[in-house]
Amino acid sequence: MAVKIGVLIKNVPDTNTKIQLKGDAIDEGDIKYVINPYDEFAIEEAVKTKEAWTKAGQTVEVVGVCLGPTTASKSLRDAFAVGVDRGVHILDNEKKAIDPRSVSQALAKVCQEENFNLIFAGKQAVDTDSHSVATMVAERLKMPHMAVISKCEFSGTESVQVERDIEGGIKEVYKIKLPALLTANKGLNKMRLASLPGIRAASKKEIKEVPLSDIKAGYKVSGWGLPPERGKVKMIEGEPPAQAAELVKRLHEEAKVV
Amino acid sequence: MVALQVSTALVLIVSMAVFLSNFGKILQIFAFGKSRNRLTNLGSRISIFVREVFFHRKLMRQPIPGAIHFFIFWGFVTLTLGTTEWIYYGLTGGHHFDFIPDRFYGLFCLSQDVFNFIVFAVVAAAFYRRIFIKPARMADNSKKSKWDAYFILSLIWGLNITNLLAHSVLIHNGVDPFSKYQPVASALSGLWSAAGTLNENIYFVFWWAHLGIVLFFLNFLPFSKHFHVILAAPNVFLSKTEPRGQLSKLNLEDESVTTFGAQKVTDLSWKNLMDSYSCTECGRCNEFCPTASTGKDLRPKSLMINMRAAITEKGPTLLSLLEKNGSIVADEKALAALTEDQRRIYNKELVPDIFSDQTIWDCTTCGACVEACPVMIDHVDSIVDMRRALVLNKGSNPDEATNAFRNWETASNPWGINESSRQENLIEKGVPQYQADADFEFLYYIGCAGSFDDRNKKVVESVVKILQTAGIKFGILGKEERCNGETARRLGNEYLGQQMIKANKEILEKYKVRKILTSCPHCFNTLKNEYPEFGGHYEVIHHSEYISELIADGRVKPESEKMQSVTYHDSCYIGRYNNIYDAPRDIIKAVTKEAPIEMARSKEQGFCCGAGGGRMWLEEKTGSRINVNRAQEVIDSKAKTVCTACPFCMTMLTDGMKSKEREDIKVKDIAEIVAEAL
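Sequences listed follow chains A and B, in order. Using our numbering, read the first sequence as starting at 1 and increasing by one per residue. Using our numbering, read the second sequence as starting at 1 and increasing by one per residue.
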C-alpha cells in the first residue's frame, strides 16, 4: 500500500520585505512571496523521507497542502521542483482564513481526506508568527505531534525518533508512532536547490484546487499600523579618539543624556 | 639498391599504419566530445597561430626555457625537411634532393648540419635544467612524466647524433660533394681519421638508426605527454576566438535536452578533450593560479592530466559501444552487454568520480591558467561546464551558493537586500533617473556591490562626483536596476543567469539604453561580451577607461598634495579578460605624478583577489586564504595605498589587509583617488 506524506506549505512575503501600508491595508505592490522558510525544512525532510522509504521498497507520495490566494500556488510549484509529487491548494482569494483557528480547520479537512501517514510542517510561518497552526491541525486530526524538531530518524514507516531543541542547549529526544505530525526547526536540514529537470517537471505536476470550507474565525484583524520611523542617524567621522570626543560632546550638548 | 627501396617502403608503411591507427583512435575519442565550431574567424586564428607558434609569445615570458623551446621547435621544423629527404633517399634507392640547384642544396645541407648541432646543444641545456635546476612548476610531475621527458630528450639527441655521424662517414669517405656546407659533420669525420675508407654499411647503420628513431619517435608520441609535438599547433589554431570572457550559452528551451553541462567526460567539448591531450605538463598554469598557489585541491595542470586520463580510460569502452550499437550512448540493453568493469567506467561522472566537488568549486575563473598556457588550453570553460552539470542536473552546490541563488531570485542581488533600497543613497543625492529621450550621454549601471555594499557605495559616489565635476549628463536606473546574472552563470546556474539576463535586458530595452558606464569589471565583461549573444548590444565602458579619458582631455584635473607610493591590483575581468591594463595606471600616474609601484605579479600575470567566479559568495575552507596571499604581496611592495578598479577586489583586499593587521595601507578605488584630488 502506498505511503502518503503531507507537507503544509505557506506562501509568505520574503523576509527582506519592507511592509508598507496603503490606506488601511498592506500595500501588496512590492511584496515578493516565497515559501515560508521553515516550510522549506519540512519539504526537504518529506522528500528525504520519501527517498529513504522508496529505497526500502515502499511506494511513497509526497503531497503539498497550501492555503491562500491563487498566487500562492507558486510555492507549491517551487516545492514540486525539489520533489513534492502533487498539491492541494485551498483557494482563499478573499483572505478569509487568516487566524490559526480557521486555517487549521481548513487544512485539517484536506489532511483528513488525504489520510496522510505522516505530516511535516514548518514550526511557524514568518508572516503571522503564530506558531500554532500545525499543532492545531494535529489536534484536530487526533494525531500525535512533535513541534520544533531539529533531527528525525525513522524506523521503517512505523515510528520515528525525534530531537527537539529546548532552552539551555538541551535536546529532548522522543520516540513516537506514526501517523504523526512533525514541525521543523532550523537545523533540521537545508532545502536542496531545484535541478533544471526538476523545474521543468514541476510545471506538469497536478494541483487540485479546492474551495475554502466553512470555517470559524478565531479573531479578526481590526487594523494595521507601522512602527514609528527611526530617528535620523548622524555619522561621526574621523580617527577613533576624535570620534569618541565628538560623541561625548554631542551626547552632552545635543542629546543631553550625559 | 632495390633492397633499400623495398625495405624503406615496408618500414615506412608499417610504422605509418600503426601511427595512423593510434592517432585515428585518439581523433575518434575527441569526436566523442560535444560539438563546438572552431573554424570561424580565420584571420584571428592565423594571427594567434603566428604569434604563439612561430614567435612563442607566451613561452618567451620565461626567456631561458622559452629560448630553449624556440630552438628545439624551429630545429624540428628545419630537420623535418631533412627527414623528408632521408625517406626520399631510401625510397629512390640513393638519391638526394638532387633536383634542387646546387647553390640552394648547399644551403639546405648547411641548415641541417647547423640545426642538428643547435638542437643537440639546447637539448643539453634542457637536460641541465631538468636535472640540476629543477623548475618548481614541474616538481609535481609524476615519475612517468619525468622519465617521459628524459626519454624524449634522449631520442632527440639520438636523432642529431645519428644524422651527423651518417654524414660524417660520407665526408670521411670523400663521397659527399657538399662537405664544405657541413662544418659539424666534417669535424666529426675526424673520428674516423685513423681508419681507411669506411665500409658503406657503416653509413647504413647510422642511416637506419636515424630513420628507426624517427619512426619510433612518431609512434611513441601518442602515448606520451610529448604528443603536443603533433597537437599543440592545431590546438592553438583551434583555440577560442570569441572574447575570453564569454561563456558558452546553453539552450535551455529545448525540452528534448535533459542533461546540461559536463556531467560525464563526453559532455565536455571535443576541444576540451583535445586540450587535455595537448597539455605538455609544463606547469605554467599553476604558477599564477590562486588555488594552486594557496594549497587548494584545484591545480589546472592536474585538471588537464586527470581529464586526459578519464577520456583515455573510457575511450576503448566507447569505441566498442560505437562498433556494436552505432552510438556511444548506451541504452539498458547495451549497458547490460558490457563487462562489469566497462560498465563502471561508462558510468563514471566527472564529479565526484574524476574530480572532487571541492576542486570544481575552488576556481575563481580568474583566467591566469588560460593566459599562461602556451598551447592555449581553456581550463575555465570546462570548469564552468562541470559546475553547470552539478547545479542544473542535480541541484548540487555549496550551501552558500544556494543562499546567493535564493537572494538573486527574490531580490536580484546576492545579498538578498530588499530591492526597494537599491541605490537609495544616489537617489537621495539627486542623481537623475535615466530617461530614454533625455540627452543623457550614457547610463551609469551601478551593479549590486555599488548599490548595496557600504564600502563600494562610496566608490560609486566618487565616480558620480567625477562625472558631475566634468559636467557629464548621465542617469541611473535606481530601484529598477537588476543584477545582470554574471555571477550566477559562473556558479553554474545557467537557468537563473539567463532569467536574470532576460529581466535586466528588458529594463535596458525599456529605456532604449545604448551606452553604459560600469565601475564593476564583472558587470562590464558580461554586458560587453556576453549580452550580445542574448540580443543585447551596447557600447560598454569601464570607469577606469572613461576617467582616464576625462583626465587626458583635461575635463577632470586631479590635483593632490602629492599622494605617494601607490600600487595597482589588476582585476582579472578588466585585465586578463578585457586587456585594460594601462588606463588605471594612467589614472594613478595623473594623480600621484609617478608611475604606480608594480607588484611582482601584475598585468597579464596579475594575481586574483579570490572573489571571481562567484567565490565572493562561497567560504574559503581549504588551503591558505587567497586575499591574504595577495595582501602580503601588497605589503612587500612597500606601497602605502593599493588601488583597485573592482568592488570585489576592494572587499577582498580590505579584508586581506585586516587579516594582516596592516590597515595603515589604504585600499582605494582609482575613482576615489581622483575624486579626493578634485
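Keep in mind that the hints were calculated from the coordinates and are not lab data. Errors might be hidden in some of the hints.
As the list claims (entries may be wrong) - The list that follows gives simulated cross-link-like pairs (lysine-lysine, DSBU-like), each with its CA atoms no further than 35 Å apart: (1) A/32 <-> B/502; (2) A/32 <-> B/505; (3) A/74 <-> B/510; (4) A/177 <-> A/22; (5) A/151 <-> A/177; (6) B/333 <-> A/74; (7) A/232 <-> B/502; (8) A/171 <-> A/151.
Hint-by-hint comparison with the structure:
A C-alpha spacing of about 19 Å is found between residue 32 of chain A and residue 502 of chain B, which places the hinted pair at or below 35 Å, so the restraint holds. In summary, the hint linking residue 32 of chain A to residue 505 of chain B is supported, as the alpha carbons are separated by about 21 Å, within the 35 Å threshold. Proximity of residue 74 of chain A to residue 510 of chain B is assessed by CA-CA distance (about 27 Å); at most 35 Å being required, the pair is judged to hold. Under the criterion of a C-alpha separation no larger than 35 Å, the hint pairing residue 177 of chain A with residue 22 of chain A is inconsistent with the structure, at around 48 Å.
Simply put, residue 151 of chain A and residue 177 of chain A have alpha-carbon atoms about 16 Å apart, close enough for the 35 Å limit, and the pair holds. Restraint check: the Cα-Cα separation between residue 333 of chain B and residue 74 of chain A comes to about 40 Å, which exceeds 35 Å; the hinted pair is violated. A C-alpha spacing of about 38 Å is found between residue 232 of chain A and residue 502 of chain B, which places the hinted pair above 35 Å, so the restraint is violated. Between residue 171 of chain A and residue 151 of chain A the CA atoms are separated by roughly 10 Å; this keeps the pair inside 35 Å, and the hint holds.
Of the numbered hints listed earlier, those contradicted by the structure are 4, 6, 7.
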